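Below are the chains, spelled out letter by letter.
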Amino acid sequence: MILQLHEKLKTKKISAVELTQHYLKRVKTDSNNVYITVCDREAVAAAEKADQALAQGKAGLLTGIPVGIKDIFCTAGVKTTCASKILGDYVPPYDATCVARLKRNGAVLLGKLNMDEFAMGGSNENSAFGPVKNPIDPRYVPGGSSGGSAAAVAGGLAVAALGTDTGGSIRLPASYTGTVGLKPTYGRVSRNGLVAFGSSLDQAGPMTTTVSDAAIVLESISGHDPFDSTSSVLPSENFLASMVTESSRKLKIGLPKEYFVDGLQREVAEQIDSLKNKLLAAGHQLIPITLPHTEYSVAIYYIVAVSEASSNLSRFDGVRFGTRIGGDRSLVEMYKSTRSLFGPEVKRRIILGAFALSSGYYDAYYKKACQVRALVKRDFEDAFKKVDAILAPVAPTTAFKLGEKTADPLTMYLNDIFTIPANLAGIPAISVPIGRDQNKLPIGAQFIGPHFSEARLLALGKLVEEKHYREEVRHGF
Amino acid sequence: MVSEFEAVIGLEVHAQLMTKTKIFCACSTQFNAPANENVCPVCAGHPGTLPVLNGRAVDDALKAALATNCRINSRSVFARKNYYYPDLPKGYQISQYDLPIAEHGYLDIEVGGTPQKPELAHIKRIGITRIHMEEDAGKSVHMQGYSLVNLNRAGTPLIEIVSQPDIRSAEEAGAYLRKLRAVLMYIDVCDGNMQEGSFRCDANVSVRPKGTEKFGTRAEIKNVNSFRFVEKAIEYEINRQVQVIQSGGKVVQETRLYDSAKNVTVSMRSKEEAQDYRYFPEPDLMPLVVSEQKIEAAKRALPELPEQKKERYTKQLGIPAYDASVIVSSKKLAEFFETAEKACGEPKAVSNWVMGEMLRLLKLDDREIDDLNMQPEALGTLIKMIKSGAVSNSIAKTVFEEMYKTGKDPESIVKEKGLAQISDTGAIDKAIDEVIAANASQVAEYKAGKDKLMGFFVGMVMKKMGGKANPGVVNDLLKKKLS
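Protein sequence lines, in the order shown, are assigned to chains A and W. Just so we're aligned: the first sequence equals residues 12 to 488 in our numbering. Just so we're aligned: the second sequence equals residues 465 to 947 in our numbering.
It is worth saying that the hints were derived from the structure and are not from the lab. Every value quoted in this text rests on a predicted model; they were computed, and no experiment measured them. Keep in mind that the hints are not guaranteed to be accurate.
Below, computed lysine to any residue pairings styled on SDA-like, alpha-carbon distance capped at 20 Å [said to hold, decoys possible]:
1. A:379 - W:743
2. A:90 - W:505
3. A:478 - A:331
4. W:735 - A:371
5. W:545 - A:297
6. W:773 - W:572
7. A:378 - W:659
8. W:827 - W:789
9. W:686 - W:485
10. W:872 - W:836
11. W:686 - W:659
12. W:588 - W:785
13. W:643 - W:819
14. A:347 - W:739
15. W:928 - W:943
16. W:603 - A:331
17. A:287 - A:297
18. W:796 - W:840
19. A:378 - W:740
20. W:643 - W:582
21. W:932 - W:876
22. A:379 - W:932
23. W:545 - A:396
24. W:603 - A:342
25. W:603 - W:721
26. A:388 - W:726
27. A:378 - W:743
28. A:268 - A:251
29. A:347 - W:610
30. W:879 - W:841
31. A:358 - W:548
32. A:347 - W:737
33. A:378 - W:562
34. A:378 - W:749
35. A:396 - A:386
36. A:378 - W:751
37. W:603 - A:376
All chains should be modelled from the sequences, with the hints used to inform the complete structure.
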């Protein structure tokens with residue numbers, strides 16, 4: 012979609028300002044609660060600049076392309092709430108590296124997208140600003156935590172969006188909304204300016220309508236960042252080009268038996284089976300593999316992520332930024348009243364994490380979880396000695412209805428069962444739409460690859476688009 | 465009473481590294497900046513910010529580790545120490561926990577010696593358990609009804625140096641701290657300023673009956689800001705614990721604060737109130753890997769340390785061991801000594817002046833070597849002037865005092881005050897003639913064999929010449945004239 016829009020912008024069939032206004036108009040009539048903050052004026056100003064660059068022939072692929080940013084990325088001068096009351100009025104003094112890079116490449120920031128509070132959730136029902144509805148069918152959740160990003164792209168409220176994925180938060184909403192979501196290798200994209208949830212798991216990535224768009228956005232945001240010590244030293248690459256190079260390879264594709272289990276929705280299994288045939292027809296091989304420690308992934312994740320979160324969220328104390336409540340009586344009173352602004356899911360995870368790290372329990376929980384995490388990583392290392400990529404469902408089912416699972420956090424947690432392992436191992440994974448179920452709800456599949464194999468995953472995604480299934484893009488032009 | 469017990473003391477020293485910028489961001493570490501001036505999103509703990517380790521801080525920590533004979537861990541890990549306080553921006557301090565940058569070191573301290581009985585001095589080895597790197601917190605200022613936070617210090621690089629419980633007295637504790645401070649200053653990693661908090665000490669003190677192995681219950685005395693107070697606080701704490709035990713009580717594990725005005729330690733919090741810091745590896749920083757080459761380079765870059773200097777002073781320059789110990793105990797003093805020595809080539813004379821007049825005057829004024837006006841080259845010149853006969857020894861003392869007070873060079877002082885030694889035989893002749901003329905009876909007695917009167921004549925001549933006559937010349941001329 013970006014390539015086509017770029018062509019139209021370059022040939023003056025449409026101006027960047029017109030394109031931006033088209034999206035802003037759609038955003039204004041949105042009924043799915045997708046944006047938390049809309050930056051109308053800034054967006055138009057950026058579009059005007061983009062038009063100048065286009066006129067001067069200095070435009071890149073992203074010049075003038077309207078994008079939405081998950082409200083977890085810091086944006087200088089623009090409210091960044093993390094969908095939390097505690098950051099309700101927080102205006103960061105700096106841009107996240109990803110955001111700065113998108114801006115530098117001429118992208119137009121339409122605004123900040125709704126999400127689960129501090130990225131904690133799988134349905135986008137944990138936002139202090141209300142749940143996001145799935146634009147495919149507003150009775151259903153869009154998935155989380157990057158639900159606003161997925162809904163923006165699926166509903167035509169942004170050409171592309173940035174999301175973050177700690178345990179599946181890009182891929183799950185992508186699969187629920189029929190969009191493409193890529194979780195890059197840990198370290199591929201800088202975490203600087205990304206409000207931390209689980210620091211050893213968090214990774215930012217693109218959410219788009221097409222695989223090529225994901226490649227273009229990924230190229231813009233990836234590459235080493237001196238402000239993030241965990242960012243890879245690898246330079247960014249032209250993923251559009253490397254995707255094409257990769258697509259000529261005949262691959263061995265692993266099918267992990269632990270991911271194809273009872274409880275998988277019938278249509279999900281059927282669509283994956285149908286996809287397998289297309290892969291074979293394209294000359295790839297399918298190889299059964301095993302990832303034996305998969306069953307521990309959810310348990311490990313909910314120890315590691317919440318432990319890190321309990322520490323990461325300590326800074327929200329009302330002292331320096333964000334909302335402060337109380338403090339007239341005592342420091343403890345101020346901490347208590349300020350931090351009661353966290354929503355119930357965030358509180359639950361802070362308490363779990365503080366417990367898992369506490370003296371006397373550290374060895375049994377946090378340390379043990381880290382040890383088993385290493386085994387999960389090794390599962391993948393062993394698998395990638397035999398195969399080039401892995402095919403798996405993104406989630407056991409398609410989207411569920413709003414309110415359906417909110418009473419039972421544990422069922423909600425289990426929804427991440429197929430996405431979490433890639434985060435634990437730090438490896439990339441792409442979620443692509445592969446069809447619809449009987450309720451017309453999108454079905455997604457994911458390809459998981461070894462470290463820094465994004466180009467290969469994009470090539471596989473492209474193959475799905477070309478040979479198997481492609482979602483209709485409904486952005487109103 | 466006390467003598468039936470022995471104290472077991474371990475010291476934890478926080479030394480601020482002298483890097484220009486903070487440990488995890490590019491903010492300045494300047495001490496006296498206006499409140500919250502040296503603060504950026506990173507050290508204010510803004511959401512989304514990440515730490516980036518300052519390479520200079522690592523280099524400094526390595527130097528400190530090598531200078532204290534530690535073994536460097538080729539891989540060390542940063543960890544988060546979680547606790548809430550308004551001046552701790554992130555709600556955790558980035559420190560090192562189970563894998564510090566260095567372990568298993570030691571420092572040799574000299575105890576027992578005095579200026580009067582230097583032969584009592586002996587060496588004691590104090591083990592160093594570990595050195596780890598961490599960031600400092602900010603500063604809270606408590607006002608009436610509210611508190612203010614200054615984050616200028618937040619993120620300043622520190623090393624914490626933890627000693628083994630090898631220290632047995634307040635004197636040893638003082639000697640260890642002075643030595644450690646001197647070493648850190650020698651290698652230019654810490655300015656050693658205790659008032660500004662660049663060098664802070666917590667003391668773990670317990671007592672046990674002499675001859676037993678098992679440690680007693682310890683109390684931790686927090687943040688005492690001078691050597692003298694550390695010694696007094698430890699002294700007090702030892703006595704307090706012995707008294708508790710002797711009166712049938714039990715020492716409780718707790719944190720205590722030293723009140724220097726009353727010279728007591730008071731309970732701050734008990735073990736039960738101790739916080740659970742929930743340490744875990746810092747996911748925002750990669751493990752710190754130090755290569756063998758880097759360690760070798762740091763070793764090569766180490767300057768001459770106090771012990772090596774002392775060895776050289778005694779063996780090559782012929783300075784008495786006690787004097788050498790005193791001089792090398794401070795980098796500044798040693799530098800002064802060496803520069804003065806280079807200027808005149810008379811190490812012993814320099815050492816005598818430094819150990820004698822200079823330290824005496826500094827002590828008299830309660831000043832430190834840092835406050836010295838006098839240039840070491842000037843002392844060298846003065847010593848050369850004495851040797852050449854330009855000033856007498858007694859006049860030199862006056863000149864030295866003037867140099868100490870004004871920082872002027874000895875030549876101009878001698879010129880201004882007319883203190884030059886007179887070797888001109890004409891002037892001396894004249895004075896001698898006058899003395900002989902005025903003391904006829906003494907002259908007669910001398911000539912009759914009362915040799916002792918020579919001193920009297922010399923004294924009279926010197927007095928007449930305002931002490932400036934060259935005594936050797938006076939002697940020679942007198943002998944000639946009286947024979």
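For which of the previously enumerated hints does the structure constitute a violation, in increasing order of number? 3, 5, 7, 9, 22, 23, 26, 28 and 37
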